[in-house]
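**Student:** Line by line, the protein sequences are chains A and B. Quick note, the first sequence lines up with residues 1 to 133 if you use this note's numbering. Quick note, the second sequence lines up with residues 1001 to 1374 if you use this note's numbering.
Incorrect hints may have been included.
Unchecked claim - Label pairs and their in silico Cβ distance ranges: (1) B:1023 - A:26: 32 to 42 Å; (2) B:1210 - A:89: 54 to 64 Å; (3) B:1195 - A:118: 53 to 63 Å; (4) B:1078 - A:70: 24 to 34 Å; (5) B:1208 - A:70: 51 to 61 Å; (6) B:1044 - A:84: 15 to 25 Å; (7) A:70 - B:1268: 27 to 37 Å; (8) B:1134 - A:133: 24 to 34 Å; (9) A:70 - B:1070: 33 to 43 Å; (10) B:1039 - A:54: 20 to 30 Å; (11) B:1232 - A:124: 55 to 65 Å.
To be verified - Listed below are several chain A residues computed to face chain B (Cβ distance under 8 Å; list not exhaustive): (12) 38; (13) 39; (14) 41; (15) 42; (16) 45; (17) 46; (18) 51; (19) 54; (20) 80.
FYI, nobody ran anything at the bench for these hints, they're computed from the structure. Just so you know, these numbers come straight off a predicted model, no measurement behind them. Glycine included, each C-beta is placed from N, C-alpha and C at the ideal position.
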Amino acid sequence: MKSALLSLFVTLSVVFSSFSQTDALKESMERGHEIYTDFCMSCHLPNGKGVEKVYPPLANSDYLIKNREASIKGLKYGMQGEITVNGKKYNSVMAPLGLSDDEVADVMNYISNSWGNKNNKLVTEAEVSKIKK
Amino acid sequence: MKQLHIIFALILISLSACAQQIESEIKATSPVNENYTAELVVSDINIPWGIAFLPDNSMLITEKSGELIHFKNGTKTSISGVPEIYVRGQGGFMAIKLHPNYETNGWIYFSYASAEGEGDGGNTAIMRAKLNNNTLVEKQVLYKASPNTKKGQHFGSRIEFDNDGYLYFSIGERGERDENPQDITRDCGKIYRLHDDGTVPTDNPFVNTPNAKTAIYSYGHRNPQGLIKNPETGDIWEHEHGPQGGDEINIIKKGKNFGWPVISYGINYSGTSFTDITEKEGMEQPEFYWVPSIAPSGMAFVTSNKYPEWQGNLLVGSLKFEYLERLTLENGKVVKREKLFEKMGRVRDVIQAPDGFIYVAIEGKGIVKIVPQK
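Work out the full structure, taking the sequences as your base and the hints as a guide.
**Tutor:** Here it is as structure tokens:
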């Protein structure tokens, strides 16, 4: 009986925490979508596909999913120099965006969970704040 | 028959899902012979937003993140006393321009995003100052657009003087497409005209309009990042970013409405349309429009004898396609477009210097000088 209760409790708490994680992600993505529209869309476009040879794609982007820290760093401090995204080389400049750490986390959650991307680990303001130039 | 139905349905879907766009009639071509090369003269600048030349042919360069660089005899010096810059999104340290009588009065004008004033965020400000021992002194804020906003887009901005010494500058609509550009009681989405000391000329078009921002000279603009006096006519030429397609070249006229967002050759980034019309009575047509967009930044007329083939041409930087566009004009109309120095990088500014050479500011690189090929 006791173990049954315990397992029920464990199950419930897992369900509950996964719900709250989902809710947190959902809310963060909503805020991130607004930031994206404001700061990113004119180059990376609403579908995240970017512009070939100029602005790298975020949609189904191997770079974004495999380089979590570098991506956050890029959002925080800007990017420069050659990168390879989905087998294609890009060499352009993205100016520092002037976003606060919570905004970086939100837009990161949005882009890494949109257009075919999936990121199970929520990006938090704390994580962003630890990433230095 | 069934196939015909399907085709018809497909056509209908494609028509409704994507707004139709008319491409620019004149297409940009690659030059047959490039007689010039781009020689790097100032290296290692992240975003060189604007360039101005001092009488000794040394250079002042604004760096978007808030630095003012004086480049002289191969050395970069950081100027102190620059105003506090609100660096966010497209905003930062932007245009720089010397007073036409700089040699006698020493005034330097620049535009920047500023958090001064009411509300969270920032908006575009215009300041003038003098340079003394690598420090900005006698700083005067001549204009500050309001209200502040945390939006990241469309600060403008460029600065120009006309033959009568009036000061013109542009401020973009700050991401408030449906609120700002058509409302002359609000800042943003406008070209402004002031006296060189910041006072409003008494013959500005809206000085007698109740509640109007009296510094406004023309309105209905989206995000102008090119403003230059046509040396032949004395008119002020402007270009502005459209959304997806619909970048424009306009000749600025007093009190005129340039139509954004009521008329446009552009569509939303998502491919849907926000307006069905490209022209309307009471609204100005562009001299030229770009579809697809090149993302124009910086503009210069070529008058120097260093470039005999380019006399009277207009040069415009392309941020998006990373080249310098050369537009040949006939009676003020674009008749030819050429892509110079393809893949040179994101072009922020282009200027014809007092030494007659053309200099181009490129993101991630610095400043290049256009010289004849040896």
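**Student:** All hints, please: hold or fail.
**Tutor:** Results of checking the hints against the structure:
{"no.": "1", "hint": "B:1023 - A:26: 32 to 42 Å", "in the structure": "40 Å, holds"}
{"no.": "2", "hint": "B:1210 - A:89: 54 to 64 Å", "in the structure": "57 Å, holds"}
{"no.": "3", "hint": "B:1195 - A:118: 53 to 63 Å", "in the structure": "58 Å, holds"}
{"no.": "4", "hint": "B:1078 - A:70: 24 to 34 Å", "in the structure": "29 Å, holds"}
{"no.": "5", "hint": "B:1208 - A:70: 51 to 61 Å", "in the structure": "57 Å, holds"}
{"no.": "6", "hint": "B:1044 - A:84: 15 to 25 Å", "in the structure": "24 Å, holds"}
{"no.": "7", "hint": "A:70 - B:1268: 27 to 37 Å", "in the structure": "31 Å, holds"}
{"no.": "8", "hint": "B:1134 - A:133: 24 to 34 Å", "in the structure": "27 Å, holds"}
{"no.": "9", "hint": "A:70 - B:1070: 33 to 43 Å", "in the structure": "34 Å, holds"}
{"no.": "10", "hint": "B:1039 - A:54: 20 to 30 Å", "in the structure": "24 Å, holds"}
{"no.": "11", "hint": "B:1232 - A:124: 55 to 65 Å", "in the structure": "59 Å, holds"}
{"no.": "12", "hint": "38", "in the structure": "5 Å, holds"}
{"no.": "13", "hint": "39", "in the structure": "4 Å, holds"}
{"no.": "14", "hint": "41", "in the structure": "5 Å, holds"}
{"no.": "15", "hint": "42", "in the structure": "7 Å, holds"}
{"no.": "16", "hint": "45", "in the structure": "6 Å, holds"}
{"no.": "17", "hint": "46", "in the structure": "4 Å, holds"}
{"no.": "18", "hint": "51", "in the structure": "7 Å, holds"}
{"no.": "19", "hint": "54", "in the structure": "6 Å, holds"}
{"no.": "20", "hint": "80", "in the structure": "5 Å, holds"}
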